[in-house]
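*Asks:* Chain residues, written in single-letter form:
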Amino acid sequence: MKGWTGNFLRINLTNQEVKKEKYSQEFAKKWIGGRGYVIKILWDELKPGIDPLGPENKLVIALGPISGITAPNTGKLQVAAKSPLTGGFGDGNIGSKVAVQLKKAGYDFLIIEGKSDKPTYIYIKDDDVKLLSAKETWGKGTFSTLEWFYNKYSRNVGILTIGQAGENKVLYSVIRSMEGRAGGRPGMGAVMGSKNLKAIVVKGTKDIPVAEPEEMKKIGINGLKKVKKLDKETGWSKQGTTGVLAWCNEVAALPVRNMRKTSSKEAWKIDGERLNKKRVATYGCPNCTMPCGIAILDREGHQAEMDYENIGMLGSNLEIFDLDQVGSLNYMCDDYGLDTISAGASLSFYADAIDQGVIKGDFKFGDAEKAKELLRKIAYRKGEGDFIARGSKKMAEKIGQGSEAYAMQVKGLEMSAYNCKFVPGMALAFGTSSIGAHHKEAWVIYYELNKTARDSYGKEKAEEVVRLQRIRMGLFECLIACRLPWVELGLDPDYYVEYFNKATGLNYTMQDFWEVSDRIYSLVRAFWVREFPDWSRERDFPPKIWFDPSNADEEGIIAGKILEYDKYEQLLAYYYELRKWDKRGIPKKQTMKELKLEEEADELEKYVSLK
Amino acid sequence: MKIKLKIISYLIYHVGFSERELEFPKPITVEELLIRINLKKRFPILIIRNGKSLNVSEKLKNGDRIIIAPFFSGG
Chain A
1 MKGWTGNFLR INLTNQEVKK EKYSQEFAKK WIGGRGYVIK ILWDELKPGI
51 DPLGPENKLV IALGPISGIT APNTGKLQVA AKSPLTGGFG DGNIGSKVAV
101 QLKKAGYDFL IIEGKSDKPT YIYIKDDDVK LLSAKETWGK GTFSTLEWFY
151 NKYSRNVGIL TIGQAGENKV LYSVIRSMEG RAGGRPGMGA VMGSKNLKAI
201 VVKGTKDIPV AEPEEMKKIG INGLKKVKKL DKETGWSKQG TTGVLAWCNE
251 VAALPVRNMR KTSSKEAWKI DGERLNKKRV ATYGCPNCTM PCGIAILDRE
301 GHQAEMDYEN IGMLGSNLEI FDLDQVGSLN YMCDDYGLDT ISAGASLSFY
351 ADAIDQGVIK GDFKFGDAEK AKELLRKIAY RKGEGDFIAR GSKKMAEKIG
401 QGSEAYAMQV KGLEMSAYNC KFVPGMALAF GTSSIGAHHK EAWVIYYELN
451 KTARDSYGKE KAEEVVRLQR IRMGLFECLI ACRLPWVELG LDPDYYVEYF
501 NKATGLNYTM QDFWEVSDRI YSLVRAFWVR EFPDWSRERD FPPKIWFDPS
551 NADEEGIIAG KILEYDKYEQ LLAYYYELRK WDKRGIPKKQ TMKELKLEEE
601 ADELEKYVSL K
Chain B
1 MKIKLKIISY LIYHVGFSER ELEFPKPITV EELLIRINLK KRFPILIIRN
51 GKSLNVSEKL KNGDRIIIAP FFSGG
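Protein chains in written order, with our numbering: chain A, 1 to 611; chain B, 1 to 75.
The reader is advised that the hints may include incorrect statements.
[Said to hold, decoys possible] DSBU-like mimics (lysine-lysine), calculated; alpha carbons at most 35 Å apart, straight line:
(1) B:52 x A:265
(2) B:59 x A:561
(3) B:4 x A:360
(4) A:265 x B:59
(5) A:104 x A:261
(6) A:152 x A:377
(7) A:269 x B:41
(8) B:4 x A:203
(9) A:277 x A:226
(10) A:232 x A:269
(11) A:583 x A:596
(12) B:2 x B:61
(13) B:52 x A:229
(14) A:265 x B:41
(15) A:580 x B:59
(16) A:567 x B:52
(17) A:269 x A:104
(18) A:277 x B:41
(19) A:2 x A:218
(20) A:118 x A:169
(21) B:52 x A:226
(22) A:261 x A:226
(23) A:360 x A:104
Don't read these hints as lab results, they were simulated from the structure.
Based on the provided sequences and hints, a complete structural model is requested.
*Replies:* Structure (structure tokens):
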């Protein structure tokens, strides 16, 4: 095989066995890599109904055919497992040197099974794979853990690690890398922690097999130069992703006060302009020439690497408009290994529930010091932190009293920082995102607010959601590469198709990638349905408060406006129609056949009837 | 005629400010505004008034709050 190595490691932590195995090119061509690989492996190897935090769950870490090879933003990998937060499919995408090193070590993916009886880390150097004691790093935060490994192995290795939150199985703990990088929002850190796995350290020294090395080098370097030039011309990385905060505030889509409000007069205090002025360092992923990690000094003097989602969810959504304090919360989440989005949303739900009088507590919106105390308690699962560590859906189920309506999540995963109380297409993107409410699969809001009527529930919005999901999932998260050169600087996605063909010697078109994407989406949906056989379309709806007239803004550009339930249902029906799913949101038997998922359809039929 | 202008993201560094009140002796179009602030034909951009997109030929009104943002393609 070219592009792919054709090898993977199966690492069983229970019996401490490591097996080097091979897989077929047919598998590679059908699933490409990254997200395609992880869903197929989890579908085949996990029994439905298993405890996500038990030894039966498996953690899969996958690269793609161009991961780690010199081209724009290819330093990324996919992590996945059954999610302890949602009970469904969980994955995430992380910028990491592991993407480069694992490929050079000669592997396309890792399947990590079982549970070690003591804290362990995996060390991979080419064919040498060891399971070693993590006694000295267990209990440490991610920053000091990384430092410990750098001191032991140098900075030239790739490292994935968890912090205390993962060790203590906080349901929204993440996996971290290279100080500022994180991924696996739906509790992938907790899955690592449940296996007593503290870290994975990788060093590779082999050549990466590719079909046309000279041509790839030329195209890859040209791409890197082009992205750098575009970034220089525009100045995009001056604010990076945080440039969008001021826009969200202007168009009434900023999360403020557990998303009850859509803008704030104080938003300017935490926007990208202010952040850029306070910048002390800039960080990026491997093979990136448009680095977006803007570090400032937080209130305690740590370097905190910020992006838009972090500021939106730990700042405006908690009504904390002090950038240094938001930096502190950001740094703490990074060190403990907490997902900044779900941590911010769970805290804001907690403050809201107290404010509504349905639960007792002394946390109020705007109280940064108390938020810090709570993050510590969440990471160590102490006191009220143990409750907040479950995420907003489970918190609301426990509290009751109507609080489910303002637990801002879909399928158990908290919304990222776009307030869609009057943004129907983006609400659909949250509703149909394959891990729960996450923005990355279809950031349709910009198209929607600028190119369509905001109050429209027309088919064009569902079509755009599907189009973006196809590019993002079928192309970028399978290859794997970061989407930002395309999204922010306009690099043509066809660039990556050409690069893939040069790497593999194949001749795929964008249409081929879309077909793979559709296959992935239907299998991810099948995974959810197999776990929850009583599946209904209600699971693709955003929280009820977005349909509640009493929650409409009282002033501003969307005063009096909210989502309309019947129209959202129609928009969702359009989406199902495009995906060829039935009215419940389950792939039809014929659809699965067309997507070459016949065996998977037979398996799914054991749990639900297919139309 | 007075308008309030808000510039978003990296466009700030090309225009030289992020927010300003501007006064014109007579009504102008969006296109004329873009020439005044040195943004015409430089980048794909979007102009928003009261939450709705404007095209370049539209006239600005006294008291408008105009937002100019780069065009992110979304993803």
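*Asks:* Please go over all the hints and tell whether each is borne out by the structure.
*Replies:* Evaluated hints:
1. Between residue 52 (chain B) and residue 265 (chain A) the CA atoms are separated by roughly 20 Å; this keeps the pair inside 35 Å, and the hint holds.
2. The hinted pair formed by residue 59 (chain B) and residue 561 (chain A) meets the criterion: a straight-line CA distance of about 27 Å does not exceed 35 Å.
3. For the suggested pair residue 4 (chain B) and residue 360 (chain A), the alpha carbons sit about 44 Å apart, so the restraint of at most 35 Å is broken.
4. Annotation: proposed proximity of residue 265 (chain A) to residue 59 (chain B) holds, straight-line Cα distance about 27 Å (limit 35 Å).
5. Taking the CA atoms of residue 104 (chain A) and residue 261 (chain A), the gap is about 48 Å. The hint is violated against a cut of 35 Å.
6. As the CA atoms of residue 152 (chain A) and residue 377 (chain A) are separated by approximately 31 Å, the hinted pair is consistent with the 35 Å bound.
7. Restraint check for residue 269 (chain A) and residue 41 (chain B): the C-alpha separation of about 31 Å stays at or below 35 Å, so the hint holds.
8. For the suggested pair residue 4 (chain B) and residue 203 (chain A), the alpha carbons sit about 55 Å apart, so the restraint of at most 35 Å is broken.
9. Taken as a hint, the residue 277 (chain A) and residue 226 (chain A) pair is honoured in the structure, with Cα atoms around 26 Å apart against an allowance of 35 Å.
10. A distance of roughly 26 Å separates the Cα atoms of residue 232 (chain A) and residue 269 (chain A); the hinted pair therefore holds under the 35 Å criterion.
11. For a cut-off of 35 Å, the pair hint linking residue 583 (chain A) to residue 596 (chain A) stands: about 22 Å separates their Cα positions.
12. At most 35 Å may separate the alpha-carbon atoms for a hinted pair to count; residue 2 (chain B) and residue 61 (chain B) meet this at roughly 8 Å.
13. Restraint check for residue 52 (chain B) and residue 229 (chain A): the C-alpha separation of about 32 Å stays at or below 35 Å, so the hint holds.
14. Between the alpha carbons of residue 265 (chain A) and residue 41 (chain B) the distance comes to roughly 31 Å, so the proposed pair stays at or under 35 Å and holds.
15. Between residue 580 (chain A) and residue 59 (chain B) the alpha-carbon distance is near 45 Å, which puts this suggested pair outside the 35 Å criterion.
16. For the hint pairing residue 567 (chain A) with residue 52 (chain B), the CA-to-CA distance comes to about 21 Å; that is within 35 Å, so the pair holds.
17. The hinted pair formed by residue 269 (chain A) and residue 104 (chain A) fails the criterion: a straight-line CA distance of about 44 Å is larger than 35 Å.
18. Between residue 277 (chain A) and residue 41 (chain B) the alpha-carbon distance is near 27 Å, which keeps this suggested pair within the 35 Å criterion.
19. For the given pair, residue 2 (chain A) sits about 18 Å from residue 218 (chain A) by alpha-carbon distance, which is consistent with the 35 Å threshold.
20. Distance check on the hinted pair: residue 118 (chain A) and residue 169 (chain A) sit about 15 Å apart at the alpha-carbon level, within 35 Å; holds.
21. Distance restraint check for residue 52 (chain B) and residue 226 (chain A): the Cα-Cα separation of roughly 33 Å lies within the 35 Å cut-off, and the hinted pair is therefore satisfied.
22. Among the hinted pairs, residue 261 (chain A) with residue 226 (chain A) is inconsistent with the structure: their alpha-carbon atoms are about 40 Å apart, more than 35 Å.
23. A threshold of 35 Å between alpha carbons decides the hint, and for residue 360 (chain A) with residue 104 (chain A) the separation of about 54 Å lies outside it, so the pair is violated.
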